[in-house]
Amino acid sequence: MATLELIDIAKRFTKKVWGVKKMDLKVEDKEFIVLLGPSGCGKTTTMRMVAGLEEVTRGTILLDGKDITDIPPRDRGISMVFQNYAIWPHMTVYENIAFSLKLKKMSAAEIKERVEETAAMVKIGELLKRLPGQLSGGQQQRVALARALAVRPKLFLMDEPLSNLDAKLRVTMRTELKAIHQQTNATSIFVTHDQSEAMSMADRIVIMKDGEIVQIGTPDDVYFRSANMFVAGFIGTPPSNFFNVECEYTKENISLKHSHFTLEIDSMKFQELGKYRGKEIVLGVRPEDLLIVPESKAVFTAEVLVVEPQGSHQVVAINLKEIIVKMVVSAETKVKPGDKIGLGFNIKRIHFFDSKTENRIVFKGGV
Amino acid sequence: MVPYLLIAPVVIYYSIFWLFPVLNAIIESFRNVDGIWTVSNYIHIFKDPVFYQALSNTAFIVIFSVTIEFILAFGLALLINTKFRGSSMFLFLAMIPMSLPAVAVGAMWSSGLATRGWLNSFLMTFGFIDDASKILFLAGGKMSTMLLIIIIDAWTVIPFVMIILLAGLQGIGEDVREAGAIFGGTKFQILRKITIPMLKPTITTAMILRIISAIQIWLIIVLLYGFNRLPVLLEQVVLNYDQLGAEYFERIGLALSVLVAIIVSAAAVLYLKVSGSFEKEVKQDE
Ligand SMILES: Nc1ncnc2c1ncn2[C@@H]1O[C@H](COP(=O)(O)OP(=O)(O)O)[C@@H](O)[C@H]1O
Ligand SMILES: [Mg+2]
Numbered sequence: 396m397a398t399l400e401l402i403d404i405a406k407r408f409t410k411k412v413w414g415v416k417k418m419d420l421k422v423e424d425k426e427f428i429v430l431l432g433p434s435g436c437g438k439t440t441t442m443r444m445v446a447g448l449e450e451v452t453r454g455t456i457l458l459d460g461k462d463i464t465d466i467p468p469r470d471r472g473i474s475m476v477f478q479n480y481a482i483w484p485h486m487t488v489y490e491n492i493a494f495s496l497k498l499k500k501m502s503a504a505e506i507k508e509r510v511e512e513t514a515a516m517v518k519i520g521e522l523l524k525r526l527p528g529q530l531s532g533g534q535q536q537r538v539a540l541a542r543a544l545a546v547r548p549k550l551f552l553m554d555e556p557l558s559n560l561d562a563k564l565r566v567t568m569r570t571e572l573k574a575i576h577q578q579t580n581a582t583s584i585f586v587t588h589d590q591s592e593a594m595s596m597a598d599r600i601v602i603m604k605d606g607e608i609v610q611i612g613t614p615d616d617v618y619f620r621s622a623n624m625f626v627a628g629f630i631g632t633p634p635s636n637f638f639n640v641e642c643e644y645t646k647e648n649i650s651l652k653h654s655h656f657t658l659e660i661d662s663m664k665f666q667e668l669g670k671y672r673g674k675e676i677v678l679g680v681r682p683e684d685l686l687i688v689p690e691s692k693a694v695f696t697a698e699v700l701v702v703e704p705q706g707s708h709q710v711v712a713i714n715l716k717e718i719i720v721k722m723v724v725s726a727e728t729k730v731k732p733g734d735k736i737g738l739g740f741n742i743k744r745i746h747f748f749d750s751k752t753e754n755r756i757v758f759k760g761g762v
Numbered sequence: 002m003v004p005y006l007l008i009a010p011v012v013i014y015y016s017i018f019w020l021f022p023v024l025n026a027i028i029e030s031f032r033n034v035d036g037i038w039t040v041s042n043y044i045h046i047f048k049d050p051v052f053y054q055a056l057s058n059t060a061f062i063v064i065f066s067v068t069i070e071f072i073l074a075f076g077l078a079l080l081i082n083t084k085f086r087g088s089s090m091f092l093f094l095a096m097i098p099m100s101l102p103a104v105a106v107g108a109m110w111s112s113g114l115a116t117r118g119w120l121n122s123f124l125m126t127f128g129f130i131d132d133a134s135k136i137l138f139l140a141g142g143k144m145s146t147m148l149l150i151i152i153i154d155a156w157t158v159i160p161f162v163m164i165i166l167l168a169g170l171q172g173i174g175e176d177v178r179e180a181g182a183i184f185g186g187t188k189f190q191i192l193r194k195i196t197i198p199m200l201k202p203t204i205t206t207a208m209i210l211r212i213i214s215a216i217q218i219w220l221i222i223v224l225l226y227g228f229n230r231l232p233v234l235l236e237q238v239v240l241n242y243d244q245l246g247a248e249y250f251e252r253i254g255l256a257l258s259v260l261v262a263i264i265v266s267a268a269a270v271l272y273l274k275v276s277g278s279f280e281k282e283v284k285q286d287e
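Protein chains in written order, with my numbering: chain Z, 396 to 762; chain W, 2 to 287.
Be aware that a few hints might be false.
[Unchecked claim] Partial selection, computed: residues in chain Z whose CB lies under 7 Å from chain W:
#1 K425
#2 P468
#3 W483
[What the hints assert, rightly or not] Calculated Cβ distances over 12 Å to all of chain Z for the following chain W residues:
#4 M2
#5 P10
#6 G87
#7 V104
#8 S145
#9 Y226
#10 L273
For the record, the hints were derived by calculation from the structure and aren't laboratory data.
Here a beta-carbon is modelled for each residue, glycine too, at the ideal position from N, C-alpha and C.
Using the sequences and the hints, build the whole thing.
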């Protein structure tokens, strides 16, 4: 069990290519951290630096307060699940799991006990005598997992471990991984580019973009209090809708003017918008915070483009000339393409972003 | 029917250009000058002490040159595979010996190793030796003549073995070795427990190819020492078949070449057996 601290680490591959530009992160004991970001944002590079497979260009890595920046991988007390498993094809499942234990000079009896216990935890107890070539992708994944768990690492790294599995198995494994984490309590860093995977598994999510951290927070933080438009547009299925609006003040209200609608909001609740008077800002609305309302109460009306039933709910896409807006409605709602519907906003949950910096505009009174 | 039609050209080609001459050689090796069936050609060989010399010299060269070549080539392949700066330039340089035909190699070394050759001049220029202490590379005893052949052969074929091993190494993903490092392996343990076992099919291929061609070494020896100074199997085949100029010896040459073919096949099978059973042993001790 351990804490991990990354202090101003960076990795430069060539003159122009930075794998990671700047990274500061503190992972608490027993925490399950997910690194999330689009492909190429530096997640793998970060993991490899922590594991010791890649030298840092700058910065310090502390594990339990001890500087491990320059010590070789085998002495770090870290284990890792690779994206394409990297289990050894010439060794049986048993030998794969026992490899690190043998090198640690554990006794044969201890090794046997540990291997069997770990294999049972990931449900491959019956496969110990097989070679990896005789296993399915999902089973190989479990071998990689067992191998990494058997060492009882201080820190457990997983680089997109589920991305090679089919959709159904991926969801099952999420649950299993989380259960294993609750059982072992190993401090873990999990990498994924799949935001729903991140949301469902993380204690805290670290969102990365172009080699830098954009936001660190709980799943609720990043969803309800997205730090900027990148996060708001990355998290959520479907992600946030954005409207460019003109911020104008009337006597007691702020009126947000969009080419399709004008939304009046209370100037007392949104005092911080004062400095944007007469300027353009971005209104961010989560798909479930756009509501179908009777036309009499509607802020605007629009035509339904497509309806995507999801079983538990439906995703409705609306065409507003220049943009497609997506909203989530209940399964019972009766809408079909071509319908004219009235729309309103859940004012308590709308967000504003500075249109230049794209950063979230924070209000003292909450929201 | 279709498959047979498709392989027919290959079968015909092999029958005409390979199978027929081979069968002919075998048949002729069992006949004497008068066309009478006999094993006298073989008896001649087995009574000839030079044959046994050739056999032991060849065995010596095969065992030592293949071992040395393998160790050095594997080392080089591992080095180049680390992709250090300038490794591709190094790879290019290392491949030069491979691009030279055997005759050129022979000419180069025999002119270099002659008493007034370039190697002695080189050593003199740099003051390692003086005119009185020139090294008589080619005049040495049997052991040093053989060592010289082994060194030259190694120089020529190490690039070839290295390329095969390098291709094999590159086929093994980086990640299985990285996993080895994370799960507690030192560089040497990773090499022994992961890289080499995974490279085994490639190693077997390289070794078999090398053993076969090492048994067939002759041209370089003849170019450096002439015939009969350091007898080896294939040199004796060429000598008898091509150089002595009598039909009697031609048939001896044919019989010898049949024996060489048998020895080559036996060596290959033996190697496969030995390396296969070795694998089983490892499995049991796990
Ligand atoms: N060995 C390398 N050499 C050069 N550039 C690299 C290397 N590895 C990664 N990169 C670059 O670094 C950036 C981050 O890569 P990576 O960490 O693999 O991203 P992610 O895992 O988030 O998809 C990418 O632009 C990638 O092209
Ligand atoms: Mg990656």
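These are the hints, each one checked on the structure:
Among the interface hints, the one on Z:K425 is violated; its C-beta lies about 21 Å from the nearest C-beta in chain W, farther than the 7 Å criterion. Evaluation of the Z:P468 hint against chain W yields a held restraint, the C-beta minimum of about 4 Å falling below 7 Å. For Z:W483, the interface hint holds, the least distance from its beta-carbon to any beta-carbon of chain W being 6 Å, beneath 7 Å. With a least CB separation of 35 Å from chain Z, W:M2 remains clear of the 12 Å interface cut-off, as annotated.
At the 12 Å boundary, the C-beta of W:P10 stays outside the reach of chain Z, the nearest C-beta of that chain being 36 Å off. For W:G87, the requirement that its beta carbon stay farther than 12 Å from each beta carbon of chain Z is met, with the minimum near 16 Å. In this structure W:V104 is separated from chain Z by more than 12 Å, as the shortest Cβ-Cβ distance comes to about 42 Å. At roughly 42 Å, the least C-beta separation between W:S145 and chain Z is larger than 12 Å, which holds for a residue marked as non-interface.
The non-interface label for W:Y226 is consistent with chain Z: the shortest C-beta to C-beta separation is roughly 45 Å, beyond 12 Å. The claim that W:L273 is not at the interface with chain Z holds, since no C-beta of that chain comes within 12 Å of its own (minimum 18 Å).
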